[in-house]
Structures are given as structure tokens and as C-alpha cells.
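Peer 1: Sequence:
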Amino acid sequence: MKLKSLVLAILVGSFANGQTVGPIELTEMTGYGMKKIAESPKKVFIETFKVNYQIFGENQESEQGGRVMGGGVRGGVKVKLSIGLEGIQEKALIESTDRIYKEFLERLKKEGYEIVPFENAIGLKEFEGWERVKGGVASKSQYRGYVSVSPTGYEYFVKRLNDEGKERGTFMDNGAKVSKELDEALVIKVTITVPFCRDAESTGSKLLGKISKGIVNVVMETGLGLGNALLRNSTIPTLTGASAVSVFRGGKKMGDYSTNNWLLKEEVLIDGAIEKKKFSEGAVADRDVFGSDFVTFQLFSADNIALNKMNFVKVDMPTYQKGVEMGAGKFLTLVVDELMKYSNR
Numbered sequence: 005m006k007l008k009s010l011v012l013a014i015l016v017g018s019f020a021n022g023q024t025v026g027p028i029e030l031t032e033m034t035g036y037g038m039k040k041i042a043e044s045p046k047k048v049f050i051e052t053f054k055v056n057y058q059i060f061g062e063n064q065e066s067e068q069g070g071r072v073m074g075g076g077v078r079g080g081v082k083v084k085l086s087i088g089l090e091g092i093q094e095k096a097l098i099e100s101t102d103r104i105y106k107e108f109l110e111r112l113k114k115e116g117y118e119i120v121p122f123e124n125a126i127g128l129k130e131f132e133g134w135e136r137v138k139g140g141v142a143s144k145s146q147y148r149g150y151v152s153v154s155p156t157g158y159e160y161f162v163k164r165l166n167d168e169g170k171e172r173g174t175f176m177d178n179g180a181k182v183s184k185e186l187d188e189a190l191v192i193k194v195t196i197t198v199p200f201c202r203d204a205e206s207t208g209s210k211l212l213g214k215i216s217k218g219i220v221n222v223v224m225e226t227g228l229g230l231g232n233a234l235l236r237n238s239t240i241p242t243l244t245g246a247s248a249v250s251v252f253r254g255g256k257k258m259g260d261y262s263t264n265n266w267l268l269k270e271e272v273l274i275d276g277a278i279e280k281k282k283f284s285e286g287a288v289a290d291r292d293v294f295g296s297d298f299v300t301f302q303l304f305s306a307d308n309i310a311l312n313k314m315n316f317v318k319v320d321m322p323t324y325q326k327g328v329e330m331g332a333g334k335f336l337t338l339v340v341d342e343l344m345k346y347s348n349r
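Each residue of the sequence shown is one higher than the last, beginning at 5 in this note's numbering.
Keep in mind that the hints were calculated from the coordinates and are not lab data. Fair warning: there could be bad hints in the mix.
Below, in silico cross-link-like pairs of lysine-lysine (PhoX-like), each with a Cα-Cα straight-line distance of 20 Å or less [what the hints assert, rightly or not]:
#, residue 1, residue 2
1, Lys269, Lys334
2, Lys106, Lys47
3, Lys269, Lys39
4, Lys269, Lys106
5, Lys47, Lys113
Derived DEER-like restraints, expressed as beta-carbon distance ranges [claimed, not checked]:
#, residue 1, residue 2, range
6, Gln64, Asn348, 47 to 55 Å
7, Glu159, Met344, 22 to 30 Å
8, Leu128, Ala204, 27 to 35 Å
9, Gly133, Glu168, 36 to 44 Å
10, Gly127, Met258, 19 to 27 Å
11, Glu279, Ile126, 40 to 48 Å
We treat Cβ as the ideally placed atom computed from N, Cα and C, and that holds for glycine.
Whenever a hint applies, use it, and build me the whole structure from the sequences.
Peer 2: Here is the structure:
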């Protein structure tokens with residue numbers, strides 16, 4: 005698929021306490037057959053709705069030891085930097101997810117869409133053998149450092165759950181097939197990701213470390229936002245982990261389908277909820293360039309160094325909730341605006 009940028013709106017929201025959210029800009033992953041959705045029933049099935057909240061982040065760099073040019077040896081170095089949120093409340097995350105979902109449904113209904121209940125998907129051929137999952141809980145099994153939340157009272161299907169509760173999906177997206185079985189109702193999948201920290205070491209610093217050999221540095225910065233990047237260790241295909249909305253329609257004839265995706269072009273910053281701060285940890289490898297003389301040989305020895313540092317930043321939970329809900333609400337509003345350009349043709 006071809007990517008194209010859509011500068012839909014520059015939205016900056018502010019609260020009385022000075023908190024700001026934005027700007028927001030979307031990228032549309034150009035799909036196929038979207039003009040045809042105006043011919044389909046105005047019904048929507050929300051196959052996926054998930055918000056991923058980061059509560060813990062980490063980054064690490066390492067250099068292997070070995071011989072040094074010109075003589076001697078250098079020990080290995082490993083630096084790991086971790087940051088956690090202090091004061092985060094899982095109950096509050098579930099409440100925010102519920103409100104974001106409710107607002108999204110209300111907007112779709114306002115545009116004339118009927119919401120297809122989960123019960124209508126039970127027994128579909130496409131979900132045969134799949135496992136049924138209930139929302140309203142905070143799962144720590146999906147991505148390292150994140151809790152994943154679907155709305156209270158909401159249910160969805162996954163291909164399977166492993167022993168740790170990690171969700172597994174299909175290799176190819178099944179949205180169009182599900183739509184076809186639901187008489188061409190639009191199938192929508194929503195993922196919103198809320199990171200609070202990221203890698204902040206400059207390209208020049210990383211390059212210097214590689215040239216210098218044995219100098220390892222890790223830099224991270226904090227700042228709440230809506231993420232636009234895929235999460236690591238994702239086991240479900242398509243756009244899992246990024247803040248994205250995917251839409252599918254499946255027709256009765258072979259090759260008759262519609263699909264499109266809207267993503268955040270850039271990370272959306274949410275000010276005021278946590279402290280913006282940079283954390284840096286580094287180490288220099290132990291070196292032995294002189295060695296120790298023995299009768300028949302010279303022995304070189306250098307210690308390996310491992311540095312593991314944990315930090316915490318405090319979160320203002322009410323401000324966190326307001327910011328995330330406003331940012332997610334604006335994002336989903338822009339997506340619905342774009343969807344209606346096709347639906348109302």
C-alpha cells in the first residue's frame with residue numbers, strides 16, 4: 005500500500021491548568037475500494053478496540069570486549085536504563101478507556117451508523133475455534149512495559165491465548181471476511197497507544213560511541229503522548245501497537261472489498277501530566293594495555309561492566325486521564341470525519 009500524508013487539522017486543546025494536547029496530523033494508508041462503502045448498510049462492527057498504556061520503559065546498549073588495536077584487551081560493557089511511572093492507577097486507565105470508547109460509539113451513531121452487537125459475530129465461520137475475551141481489565145501480557153485495556157462490557161475474539169495470556173492473531177487480516185459474513189457491515193479495528201518515555205540519544209552521540217569503542221551511553225526522555233510507532237514483540241499483524249484505525253468492507257463477489265487505515269503521522273504530545281525530563285547513564289570499558297609479565301608469557305585481563313539503573317517519574321492521574329481522553333477523542337473524531345467523506349458520497 006502507498007502512504008500519503010493528510011494534514012487534516014492542527015488541534016491544540018488546553019485546560020484551565022495550562023495542559024495542552026496536540027497538534028494532531030493523520031497519515032492515511034491508502035486502501036482500496038473505499039467509494040463502495042457508501043453502497044453498504046450503515047452498520048459498524050467494532051472487531052477490536054484497545055488502548056495500550058505504557059507504565060514502564062527501558063533501553064539498553066552494550067559493547068563486547070576483545071583485543072584492542074595496538075595491544076591489550078578491553079572488557080565488555082552493558083548499560084541498561086529503566087523508567088517507571090509512579091502513581092499510575094489501573095482502575096483509572098479502565099475508566100478512561102470506557103469513556104473514549106463511549107464517545108467513539110456516540111459519534112458513529114450520530115453519523116447514522118448502527119452498532120452491530122458482539123452476539124452477531126458468535127458463530128461466524130471466520131471466528132470458528134477462536135477464543136472469546138472480555139474487556140474491562142488491564143492486561144500486562146501483550147507488550148513489555150504496557151498494560152492493554154479494552155472497554156468494560158466489550159467482548160472480542162482472538163485466535164488464541166498462550167499460557168501467559170498473550171493474544172495471538174492471524175497472519176493475514178480477516179476484517180473483510182468478517183464484514184462479508186455480517187452482510188457488508190463495516191468492520192473497524194481501533195488501537196491507541198499511550199507512551200510516556202522514549203530513546204533520546206542523538207545520532208551523533210551513538211556514532212561517537214561506536215567509533216570510540218568501549219564507551220556505552222543510554223539516554224531516555226519522558227513526556228506523555230499518543231504514539232505513532234509499532235510496539236516491540238507484537239504477535240498480531242497489521243498496525244498493532246500504533247495509534248491507528250483500520251476499516252474493512254467485504255462484498256459478495258470475489259475481489260469486492262474495501263479497506264483503509266488512518267494513523268498518527270507524528271506522536272501527539274500531552275503536556276502537564278508527567279514531568280519532562282532526560283535520564284542518562286553511561287560506562288567506559290575496563291582496559292588492560294600493559295598486562296602482567298610471567299616467565300614465558302604476558303597476561304592481559306579486563307573486567308566486564310554491567311550497569312542497571314532504575315528511575316521513576318510521578319504521574320498526576322486526573323491530568324493524565326484528561327489529556328489522554330482529549331487526545332484520543334480528537335484522533336478518533338478526525339478519523340470519523342475522513343470516513344464520512346466516503347460514506348456520504
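Peer 1: May I ask which of the numbered hints given earlier this structure violates, with the numbers listed in increasing order?
Peer 2: Violated hints (numbers, rising): 3, 4, 8, 9; every other hint is consistent with the structure.
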